[in-house]
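> The primary structure of each chain is shown beneath.
2 protein chains.
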Amino acid sequence: MESFAIKGDLIWTEKPDSFMTMHDGYITVSDGRITSVSSERPSADIVDRSGCLVIPGLSDLHIHAPQYVFMGMHMDEELLEWLEKHTFPAEAAFSDTGFAREAYGSFAEALLKTPTTRLSAFGTIHEDSTLILMDILGKAGFHGYVGKVNMDRNSPDSLVEDTDESIASTRSFIERSSAYSSIRPIITPRFIPSCSDRLLKELGRIASGLSIPIQSHLDENRSEIEWVASLCPWARDYASAYDSFSLLTDRTIMAHCVWMTDDEIDLLKARGTYIAHSPTSNLNLSSGIAPVRHFLDKGLSVGLATDVAGGSSLSLLTVMQDAVKASKMRWRLQDDSAKPLGLSEVFYLASKGGGSFFGSVGSFEPGFDADIVILDEAEGFRTSCHSIEERLEMAVYRSSELPVKEKYIRGIRCTCS
Amino acid sequence: MESFAIKGDLIWTEKPDSFMTMHDGYITVSDGRITSVSSERPSADIVDRSGCLVIPGLSDLHIHAPQYVFMGMHMDEELLEWLEKHTFPAEAAFSDTGFAREAYGSFAEALLKTPTTRLSAFGTIHEDSTLILMDILGKAGFHGYVGKVNMDRNSPDSLVEDTDESIASTRSFIERSSAYSSIRPIITPRFIPSCSDRLLKELGRIASGLSIPIQSHLDENRSEIEWVASLCPWARDYASAYDSFSLLTDRTIMAHCVWMTDDEIDLLKARGTYIAHSPTSNLNLSSGIAPVRHFLDKGLSVGLATDVAGGSSLSLLTVMQDAVKASKMRWRLQDDSAKPLGLSEVFYLASKGGGSFFGSVGSFEPGFDADIVILDEAEGFRTSCHSIEERLEMAVYRSSELPVKEKYIRGIRCTCS
Numbered sequence: 000m001e002s003f004a005i006k007g008d009l010i011w012t013e014k015p016d017s018f019m020t021m022h023d024g025y026i027t028v029s030d031g032r033i034t035s036v037s038s039e040r041p042s043a044d045i046v047d048r049s050g051c052l053v054i055p056g057l058s059d060l061h062i063h064a065p066q067y068v069f070m071g072m073h074m075d076e077e078l079l080e081w082l083e084k085h086t087f088p089a090e091a092a093f094s095d096t097g098f099a100r101e102a103y104g105s106f107a108e109a110l111l112k113t114p115t116t117r118l119s120a121f122g123t124i125h126e127d128s129t130l131i132l133m134d135i136l137g138k139a140g141f142h143g144y145v146g147k148v149n150m151d152r153n154s155p156d157s158l159v160e161d162t163d164e165s166i167a168s169t170r171s172f173i174e175r176s177s178a179y180s181s182i183r184p185i186i187t188p189r190f191i192p193s194c195s196d197r198l199l200k201e202l203g204r205i206a207s208g209l210s211i212p213i214q215s216h217l218d219e220n221r222s223e224i225e226w227v228a229s230l231c232p233w234a235r236d237y238a239s240a241y242d243s244f245s246l247l248t249d250r251t252i253m254a255h256c257v258w259m260t261d262d263e264i265d266l267l268k269a270r271g272t273y274i275a276h277s278p279t280s281n282l283n284l285s286s287g288i289a290p291v292r293h294f295l296d297k298g299l300s301v302g303l304a305t306d307v308a309g310g311s312s313l314s315l316l317t318v319m320q321d322a323v324k325a326s327k328m329r330w331r332l333q334d335d336s337a338k339p340l341g342l343s344e345v346f347y348l349a350s351k352g353g354g355s356f357f358g359s360v361g362s363f364e365p366g367f368d369a370d371i372v373i374l375d376e377a378e379g380f381r382t383s384c385h386s387i388e389e390r391l392e393m394a395v396y397r398s399s400e401l402p403v404k405e406k407y408i409r410g411i412r413c414t415c416s
Numbered sequence: 000m001e002s003f004a005i006k007g008d009l010i011w012t013e014k015p016d017s018f019m020t021m022h023d024g025y026i027t028v029s030d031g032r033i034t035s036v037s038s039e040r041p042s043a044d045i046v047d048r049s050g051c052l053v054i055p056g057l058s059d060l061h062i063h064a065p066q067y068v069f070m071g072m073h074m075d076e077e078l079l080e081w082l083e084k085h086t087f088p089a090e091a092a093f094s095d096t097g098f099a100r101e102a103y104g105s106f107a108e109a110l111l112k113t114p115t116t117r118l119s120a121f122g123t124i125h126e127d128s129t130l131i132l133m134d135i136l137g138k139a140g141f142h143g144y145v146g147k148v149n150m151d152r153n154s155p156d157s158l159v160e161d162t163d164e165s166i167a168s169t170r171s172f173i174e175r176s177s178a179y180s181s182i183r184p185i186i187t188p189r190f191i192p193s194c195s196d197r198l199l200k201e202l203g204r205i206a207s208g209l210s211i212p213i214q215s216h217l218d219e220n221r222s223e224i225e226w227v228a229s230l231c232p233w234a235r236d237y238a239s240a241y242d243s244f245s246l247l248t249d250r251t252i253m254a255h256c257v258w259m260t261d262d263e264i265d266l267l268k269a270r271g272t273y274i275a276h277s278p279t280s281n282l283n284l285s286s287g288i289a290p291v292r293h294f295l296d297k298g299l300s301v302g303l304a305t306d307v308a309g310g311s312s313l314s315l316l317t318v319m320q321d322a323v324k325a326s327k328m329r330w331r332l333q334d335d336s337a338k339p340l341g342l343s344e345v346f347y348l349a350s351k352g353g354g355s356f357f358g359s360v361g362s363f364e365p366g367f368d369a370d371i372v373i374l375d376e377a378e379g380f381r382t383s384c385h386s387i388e389e390r391l392e393m394a395v396y397r398s399s400e401l402p403v404k405e406k407y408i409r410g411i412r413c414t415c416s
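The listed protein sequences correspond, in order, to chains A and B. Position one of the first sequence corresponds to residue 0 (numbering that gives the first Met the number 0), numbered consecutively onward. Position one of the second sequence corresponds to residue 0 (numbering that gives the first Met the number 0), numbered consecutively onward.
Please keep in mind that the hints were generated in silico from the structure rather than gathered at the bench. Mixed in with the good hints there might be a few duds.
Said to hold, decoys possible - Partial selection, computed: residues in chain B whose CB lies under 7 Å from chain A: (1) Gly71; (2) Tyr179; (3) Ser181; (4) Arg183; (5) Leu282; (6) Ser285; (7) Gly287; (8) Lys324; (9) Met328; (10) Asp335; (11) Gly341; (12) Ser386; (13) Ile387; (14) Glu388; (15) Glu389; (16) Arg397.
As the list claims (entries may be wrong) - For each label pair, taking beta carbons as the anchor points, the in silico distance ranges come out as: (17) B:Gly50 with A:Asp95: 53 to 61 Å; (18) A:Trp233 with B:Asp334: 33 to 41 Å; (19) A:Asp95 with B:Arg40: 36 to 44 Å; (20) A:Asp249 with B:Ser239: 56 to 64 Å; (21) A:Thr414 with B:Asp16: 44 to 52 Å; (22) A:Asp127 with B:Glu1: 42 to 50 Å; (23) B:Leu79 with A:Val159: 55 to 63 Å; (24) B:Ser177 with A:Gly50: 54 to 62 Å.
Here the structure is a predicted model, which is why all the values come from computation and not from measurement. Beta carbons: idealized from backbone N, C-alpha and C, even for Gly.
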């Protein structure tokens with residue numbers, strides 16, 4: 000792969016509390032990595048995007064690829080009713096690999112138009128269809144993880160697996176996924192209500208034995224938490240139930256974490272587990288607002304997530320906006336000691352914060368993977384009177400008016416049709 | 000004006016609790032009014048929009064036209080700081096009528112691309128520039144109200160008026176606005192902190208004497224409310240301060256109403272005053288969440304508003320989404336007796352609820368003004384498996400993907416460039 004440099008108006012965050020900006024800056028890329036960021040023209044070939052807003056690729060830490068088929072619908076319900084009535088029937092359709100290929104094709108095409116470059120995605124219980132998702136995402140240029148979902152209890156007939164078959168299919172899925180390099184497998188128990196203790200224990204063993212990361216859901220909804228307490232009366236709490244199966248590691252992503260006890264926060268901190276903050280979904284499903292300020296103060300690893308289709312947008316720019324809005328309401332209505340998240344903080348979470356799960360990803364620093372997104376600013380965003388930071392703020396708050404112009408993942412240009 | 004009929008997939012609300020839909024329905028329009036809504040082909044000329052989602056024009060009850068120039072910026076502050084640092088300097092620029100013509104031209108052009116057909120807008124204190132706004136909105140095809148803002152205290156030098164001059168300019172503005180027919184004047188004291196008692200009293204007299212409607216702000220932010228209490232120690236509360244100047248009428252719109260006492264709610268109910276619920280702005284400025292369920296139960300008149308640029312979107316579809324999300328958070332975090340707003344309820348508020356301020360507006364019922372919006376659904380929204388209601392829900396939750404195809408106001412087709 001050759002060296003090249005992208006020229007544009009750069010904005011990124013190395014730390015949560017402030018933006019770095021460079022007008023007419025050059026990002027030099029060599030072998031898929033950033034080698035320098037400078038206002039001096041390098042000797043490499045120049046991809047001239049002068050005047051365009053250039054941001055690091057964003058990382059979506061939690062997204063249900065099959066649910067894209069009903070994104071934006073069924074938003075007048077809470078989690079458990081919503082799963083039963085809408086989500087499970089939609090996911091059952093992915094037993095048909097022809098349907099899966101079509102649906103996942105649309106999903107990948109839509110995702111290309113967003114600033115996301117990395118993702119950790121749920122498929123369904125269906126091994127073949129989930130391998131198709133890996134194939135399609137990889138071919139589209141994305142990097143990240145895809146998991147075959149495990150469910151062996153409390154699920155409709157069309158989505159419940161025999162425990163042994165679920166374990167065998169997971170092992171088979173991992174073996175067969177060696178055909179793909181940019182999209183890797185991730186162990187994906189749906190959540191405790193859907194998985195027997197024996198299944199969870201075995202999945203913990205597989206993850207540990209094969210060094211495979213893990214993703215699941217934690218403390219999203221109060222009824223869910225009560226249900227988990229009744230299913231795991233032996234556990235101190237929801238998080239420690241996962242922990243007892245060796246599922247909380249520094250290669251684990253837990254989505255939501257809205258209603259965490261102090262013990263649970265301490266446990267996730269001790270394990271180095273990532274939190275996928277999903278405010279759009281948490282607002283839509285009336286789940287509540289996660290104490291992100293508290294997570295950050297405690298030094299937990301946090302990233303942002305669309306959680307499609309509890310989330311109604313594929314764009315992490317929209318999620319950033321909801322993360323700020325939700326933190327303001329939490330501050331106003333629930334806990335006035337936790338000051339609202341600022342723009343640079345939510346941008347950091349969506350870029351370098353969540354990106355760290357995937358390696359050196361989400362910043363314009365030498366040595367980082369060259370995940371670079373060029374935004375196509377609407378008329379009026381880019382005038383002589385606007386700073387680069389103001390333009391980024393408009394990109395977040397008016398994300399609807401802002402398509403992606405092009406993006407590079409590890410230095411490779413994705414083809415946005 | 001001739002008769003014609005628009006054919007499409009119709010959705011509207013006659014009452015808040017349910018949608019009316021008609022697949023391949025015909026709306027017959029004569030002299031700017033709807034004469035029939037039927038699934039039978041009428042004898043009139045047909046504007047064939049088969050397969051398109053067709054909704055009533057939406058009414059924006061509160062929007063600051065001059066603030067469009069910084070929409071989507073400066074969202075990390077609360078109301079009073081935000082006014083001082085960003086809003087007042089931006090509005091001061093409208094003393095230049097050349098600047099105003101350009102800025103208001105961009106505003107109207109952008110507004111044409113949204114489903115809004117009616118609006119009640121704030122201009123600035125500047126009489127000439129505000130008349131330009133009326134001219135531009137009228138020529139673009141909109142109906143509604145525009146107010147010259149009054150401010151004679153606690154404002155920066157560039158925006159503070161002499162009391163007598165403010166009164167004289169208001170009278171002059173009203174006289175000169177007789178040149179326009181579709182956009183009418185509205186008395187617009189900014190809010191109590193910006194207006195002396197004498198000014199408010201005189202504005203109440205003008206409104207009453209000339210039968211002109213009124214718009215202002217009420218109970219948006221807690222610091223603002225404390226300030227009003229110190230400015231009007233003689234008043235029971237913020238609402239009754241307005242009332243003492245005869246400013247609460249059934250032709251008055253009060254924006255926000257986030258922190259209302261029971262007395263204030265009863266007073267607005269007794270006066271028939273409209274509430275402009277502005278959830279996007281209330282989230283952005285950390286103001287809080289208005290008790291809309293309570294307003295509806297009490298039978299108050301409520302509509303939706305973008306409140307640009309506290310609000311960061313010109314589209315009432317986005318505001319509907321935020322109204323639902325905000326009501327869910329209020330229910331979850333503040334008052335579990337007030338159940339969240341459903342989709343048909345927020346749609347009703349944005350169409351027939353707010354529309355009633357402008358007459359028979361916002362529904363597909365015979366006798367209603369023919370304000371009709373045809374949406375340009377994104378790929379995937381319109382398939383054989385989606386109901387009209389589901390398509391409308393996607394339009395709300397994925398408003399970013401949904402431009403307006405065309406709109407008719409009182410039967411006249413607007414030209415969306």
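> Does each hint hold? Answer for all of them.
Do the hints match the structure? See the list:
Taking 7 Å as the C-beta contact cut-off toward chain A, the hint placing Gly71 (chain B) at the interface holds, the least distance being around 4 Å. Taking 7 Å as the C-beta contact cut-off toward chain A, the hint placing Tyr179 (chain B) at the interface is violated, the least distance being around 26 Å. At a threshold of 7 Å, the smallest CB-CB gap from Ser181 (chain B) to chain A is about 26 Å, leaving the interface hint violated. Hint status for Arg183 (chain B) relative to chain A: violated, with the closest Cβ pair at about 29 Å, above 7 Å.
Annotation: interface hint on Leu282 (chain B) holds; nearest CB of chain A at approximately 4 Å, less than 7 Å. Checking Ser285 (chain B) against chain A: minimum C-beta separation of about 4 Å stays under 7 Å; hint holds. At about 5 Å, the closest approach between the beta carbon of Gly287 (chain B) and any beta carbon in chain A falls short of 7 Å, and the interface hint on this residue holds. Hint on Lys324 (chain B) holds. Least Cβ distance to chain A is approximately 4 Å, under the 7 Å limit.
This hint holds: Met328 (chain B) has a C-beta 5 Å from the nearest C-beta of chain A, less than the 7 Å allowed. Taking 7 Å as the C-beta contact cut-off toward chain A, the hint placing Asp335 (chain B) at the interface is violated, the least distance being around 11 Å. Restraint check, Gly341 (chain B) versus chain A: the minimum CB separation of about 5 Å is within 7 Å; hint holds. Interface restraint check for Ser386 (chain B): the shortest CB-CB distance to chain A comes to about 9 Å, outside 7 Å, so the restraint is violated.
The beta carbon of Ile387 (chain B) comes no nearer than 12 Å to any beta carbon in chain A, farther than 7 Å, and the hint placing it at the interface is violated. A cut of 7 Å between beta carbons decides the hint on Glu388 (chain B): the least distance to chain A is about 9 Å, and the hint is violated. Annotation: Glu389 (chain B) was flagged as interfacial toward chain A, and the flag holds, the nearest CB pair being 5 Å apart, inside 7 Å. The beta carbon of Arg397 (chain B) is positioned within 7 Å of a beta carbon in chain A (closest approach about 4 Å), and the interface hint is therefore held.
Roughly 27 Å separates the CB atoms of Gly50 (chain B) and Asp95 (chain A), a value that falls outside the hinted 53 to 61 Å. For the hinted restraint 33 to 41 Å between Trp233 (chain A) and Asp334 (chain B), the CB-CB distance of approximately 36 Å keeps it satisfied. About 39 Å separates the C-beta atoms of Asp95 (chain A) and Arg40 (chain B), a value consistent with the hinted range of 36 to 44 Å. Checked against the hint of 56 to 64 Å, the C-beta distance between Asp249 (chain A) and Ser239 (chain B) comes to roughly 59 Å, which is consistent with it.
At roughly 47 Å, the beta-carbon separation of Thr414 (chain A) and Asp16 (chain B) lies within the given 44 to 52 Å, and the hint holds. The hint said 42 to 50 Å for the Cβ distance between Asp127 (chain A) and Glu1 (chain B), and at roughly 59 Å that hint is violated. Distance hint for Leu79 (chain B) and Val159 (chain A): a CB-CB separation of about 56 Å, consistent with the stated range 55 to 63 Å. At roughly 46 Å, the beta carbons of Ser177 (chain B) and Gly50 (chain A) sit outside the given window of 54 to 62 Å.
Comparing the model with each earlier hint shows violations of hints 2, 3, 4, 10, 12, 13, 14, 17, 22, 24; every other hint is respected.
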